[in-house]
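There are 4 protein chains.
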Amino acid sequence: MLTDLFAGQQYDSTNFFLIAGPCVVESEELLMEVGDKVSTICRNLGIPYIFKASYRKANRTSASSFTGLGDETGLQLLQKTGAAFKVPVTTDIHGHDEAAVAAQFADILQIPAFLCRQTDLLIAAAETGKIVNVKKGQFVSGPSMKFAVEKIVRAGNENVILTERGNTFGYQDLVVDYRNIPWMKEHGVPVVMDCTHSLQQPNQTTGVTGGNPQLIGTIASAAIASGADGLFIETHPNPAVAKSDGANMLRLDLLEGLLQKLVKIRKAVV
Amino acid sequence: MLTDLFAGQQYDSTNFFLIAGPCVVESEELLMEVGDKVSTICRNLGIPYIFKASYRKANRTSASSFTGLGDETGLQLLQKTGAAFKVPVTTDIHGHDEAAVAAQFADILQIPAFLCRQTDLLIAAAETGKIVNVKKGQFVSGPSMKFAVEKIVRAGNENVILTERGNTFGYQDLVVDYRNIPWMKEHGVPVVMDCTHSLQQPNQTTGVTGGNPQLIGTIASAAIASGADGLFIETHPNPAVAKSDGANMLRLDLLEGLLQKLVKIRKAVV
Amino acid sequence: MLTDLFAGQQYDSTNFFLIAGPCVVESEELLMEVGDKVSTICRNLGIPYIFKASYRKANRTSASSFTGLGDETGLQLLQKTGAAFKVPVTTDIHGHDEAAVAAQFADILQIPAFLCRQTDLLIAAAETGKIVNVKKGQFVSGPSMKFAVEKIVRAGNENVILTERGNTFGYQDLVVDYRNIPWMKEHGVPVVMDCTHSLQQPNQTTGVTGGNPQLIGTIASAAIASGADGLFIETHPNPAVAKSDGANMLRLDLLEGLLQKLVKIRKAVV
Amino acid sequence: MLTDLFAGQQYDSTNFFLIAGPCVVESEELLMEVGDKVSTICRNLGIPYIFKASYRKANRTSASSFTGLGDETGLQLLQKTGAAFKVPVTTDIHGHDEAAVAAQFADILQIPAFLCRQTDLLIAAAETGKIVNVKKGQFVSGPSMKFAVEKIVRAGNENVILTERGNTFGYQDLVVDYRNIPWMKEHGVPVVMDCTHSLQQPNQTTGVTGGNPQLIGTIASAAIASGADGLFIETHPNPAVAKSDGANMLRLDLLEGLLQKLVKIRKAVV
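If you read the protein sequences in the order shown, they are chains D, L, S and G.
231 is the number that the UniProt record's numbering gives to position 231 of the first sequence; each next residue is one higher, with no gaps.
73 is the number that the UniProt record's numbering gives to position 73 of the second sequence; each next residue is one higher, with no gaps.
175 is the number that the UniProt record's numbering gives to position 175 of the third sequence; each next residue is one higher, with no gaps.
195 is the number that the UniProt record's numbering gives to position 195 of the fourth sequence; each next residue is one higher, with no gaps.
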């Protein structure tokens, strides 16, 4: 599955893969800037790369938060970015009716963590034939994610990825449980660490989720050492003005240094 | 809102209200049996009553679990039961496209806990004009549920209920936090305790959620003492053969004794 | 055990009992003021009463916090207060070497939650022959507290009380699990709810534990409804100037109203 | 501090250090066997080594568990093992009265996690002048451990180590939070990961703590990648017959392979 996905790229086959981009499709300029810089860095480091941006945000805490530029525009810009840099693209979907539409533009459909138990959504995503990347719910154990994999496989699609993104730890904190990496690898699928959303501080009184972006390196390093197959990192040239998840996105100019360090750890563990 | 809802019933206006029924629409016989017995008990105890059954189960852990008799059949049987016993009815919906359909048959639309952050779903439910009962996510704090209320109110619907149903406590347990009752009442809406799903033991290796039904009385008594406005209790004549949530449903013949005790506690706190 | 303990008091034998007083022995005046008011209120309401104050604080977060007036002075004032109002007294101990000393002055030795697994301490307390009240650790389940009971009983002392005082819920919050009340009653001992420390907000960056005293009524009401045999409530005429746990103590002038309400709930459940 | 401690050993100064040994002093033969094998492995890999065994177990869940050979015997065997292999030794203490005694035999005094808030114990340990290794309580955050460091430093001892050993995650599980490694390093002290007790499964109905020893490699790899200065690993030739913590100790013959892998990760991160 991954070999086909990365067929257009040159990379080190023992490396981890990277899913990265801005949280949400804010503008064409932003997508092109991020796509250009990240694809160049990944090419230089031999990291296979998947561009990520959400075309719509459906589960913001507060109704007044930004939710996107419009579905059609968002999806087209996503696809255009992938084509420009010859990399696959991914976005998240939130209802079964979005699956077939998004599948026309994206190579991987991502299932949000809150929705990882919604059977209709998993089956609709599976039936597109695209790769389905299910984020583990903050309330689900790694071993239980085998039931999500089974729902997709029974719908005729064996192309599944699972992603750890932190676990409910009191109301206002998440904790990453690295045991979930080997536990989910036992389901026979690639396992990704979402280094961005793992650092969320939910349920803030402002209605805007907080974060700890200075810990992205710790989260990512531990994930690679634990055997993660891929990393998910949201990045933005200026997180302070980003329209979503600014509290946790990595500043784009810090990405290269981080990836260099992670490639070294990867070489030590494979 | 509640006064209108219970206009067809005779009850003690200082009492709590009860949302009860079998987890899922298994058959017309089952609905009629439960509706008959529970409405009789409630009439005798002066408890205003709302009949509940899910017409479809969308988020079972495992894909092989029972999901319903078909949407149309399920909704019609639900409505028929309400009419037979002159009580309002409620069911849960799982996607924005279900809201308008379910609203033709149900008086209250219930939003599942996993979906309490899905803006599209909350707005679609709000726009039906029906009462919207949002279950607090296992990963959401009571104070943060104000954002769910706001999403519905901004969509033009002020008829909101919030329900506590337990909080993620490690992978295989939930804990009820009774602070959420006063915290959610501060949002200006009636607050319900879901005594059934609060006792779930999720992420079991079998893919079937476990439970502790012998503790329903403890959960319910503490809720009434804490000021809950209503209780949600799934009940079945024979939980061992129920097609969903058998591990936590109250045996129907135990309901009357429990409610008698709860009415006494209620009288002590109002 | 409790009948003997309360032999000097007149009370309603179906009532819950109350352990109450200021967190720490600050001065003789404070003890006498609190002892006088609380014993009067309890006599009027038919509540059997145990006076509580710590003679030493051994586990403050920060080393600069107040730890007591000196052991001898503290214990003597405690005993004097009990004698003045003809009520039994309790204090907590922190090391096995304190047990025999404190037992000369106190009727009940309380084991702090952090120390509930320290075998030496439990045995030393048991060997005094006094009643031993073990607070359930924030990291221990109610069912596992049977091992604490066994350690004391095997040391020849059957006079054991267990107390719920909240469970670790992320780093900065505790949640009361009311299931622990019936679970610990299965061990054959009276079960108390500590309404004060259950509301702590630990691990604050200031080194001073925070709190939510406005929720004491919720915690206490739910406890009585759940079948708790006793309540533990720290109270102070002016919590804002108290030398320990000011964040959670109940203002003394609010105690009577709360207890009146709780007595009504108790009558509804026994 | 560490340079002096390891003065008698030859090692790679960029390497992590290892605290390892059997959980408890079972016999002289066991200590000599483990000390011989582990010191040889460490010498070959350039890892500075500290021999560990408890001379007494004070906080077993159940009173019928093994607690040691006797204090004097246990401490003497510990010291003899260190002398035999020219490595420093460490043991845990449980009361302030044990500090001065244990300090005659051990180079590092370890404070158990449950006791990390006991001021008397921390001060008594500090006053011996020995290095004090405080295990972070399962209920304490990494940032809050600064108060433990302060208590020791104010008592005149700057030789402090902090150890992560997992955090309460529901009743029957612990989760390691790797954020605690950088958070505790900010307190200016070396930080250790306890790979053994982090994998405990507490509150089992049997009264014997369970475990997941197959995950030791995951826990340790992630710790080194996160910047831990040292590792704590209990090891035994035959964990199945060990008298304590058998559920989590690493089989001695697996240690060398694990350490080889960890040294490679370490080289990638320093």
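To be clear, the hints were calculated from the coordinates, so they are not data collected in a lab.
Check each hint, because a few of them may be wrong.
[Said to hold, decoys possible] Some chain S residues well away from chain G (every beta-carbon gap over 10 Å; in silico):
no. : residue
1   : Arg-43
2   : Gln-79
3   : His-96
4   : Glu-150
5   : Lys-151
6   : Gln-214
7   : Ala-268
[Claimed, not checked] Beta-carbon label-pair distances, calculated as ranges:
no. : chain 1 : residue 1 : chain 2 : residue 2 : range
8   : S       : Gln-201   : G       : Gly-129   : 30 to 38 Å
9   : L       : Gly-210   : G       : Ser-27    : 51 to 59 Å
10  : D       : Thr-206   : L       : Glu-158   : 19 to 27 Å
11  : D       : Ser-62    : S       : Gly-70    : 19 to 27 Å
12  : G       : Gly-70    : S       : Gly-70    : 31 to 39 Å
13  : S       : Gly-70    : L       : Gly-257   : 31 to 39 Å
[Stated by the list, open to error] DSS-like, lysine-lysine: derived pairs with alpha carbons at most 30 Å apart:
no. : chain 1 : residue 1 : chain 2 : residue 2
14  : G       : Lys-264   : D       : Lys-185
15  : L       : Lys-80    : L       : Lys-37
16  : S       : Lys-57    : S       : Lys-267
17  : S       : Lys-185   : L       : Lys-267
18  : D       : Lys-37    : D       : Lys-267
19  : L       : Lys-261   : S       : Lys-185
20  : D       : Lys-57    : D       : Lys-37
21  : L       : Lys-37    : S       : Lys-267
22  : S       : Lys-264   : L       : Lys-264
23  : S       : Lys-185   : G       : Lys-264
24  : L       : Lys-267   : S       : Lys-57
25  : D       : Lys-57    : L       : Lys-267
26  : L       : Lys-261   : L       : Lys-185
27  : D       : Lys-264   : G       : Lys-267
28  : S       : Lys-261   : L       : Lys-267
29  : D       : Lys-243   : D       : Lys-261
30  : L       : Lys-267   : S       : Lys-80
31  : G       : Lys-185   : D       : Lys-261
32  : S       : Lys-243   : L       : Lys-267
33  : L       : Lys-264   : S       : Lys-261
34  : D       : Lys-37    : G       : Lys-267
35  : D       : Lys-185   : L       : Lys-57
36  : L       : Lys-185   : S       : Lys-264
37  : D       : Lys-185   : G       : Lys-267
38  : S       : Lys-243   : L       : Lys-185
Here the structure is a predicted model, which is why all the values come from computation and not from measurement.
We treat Cβ as the ideally placed atom computed from N, Cα and C, and that holds for glycine.
Could you tell me which of the numbered hints above are not met by this structure, giving the numbers in increasing order?
3, 4, 5, 9, 11, 13, 16, 23, 24, 25, 30, 32, 38
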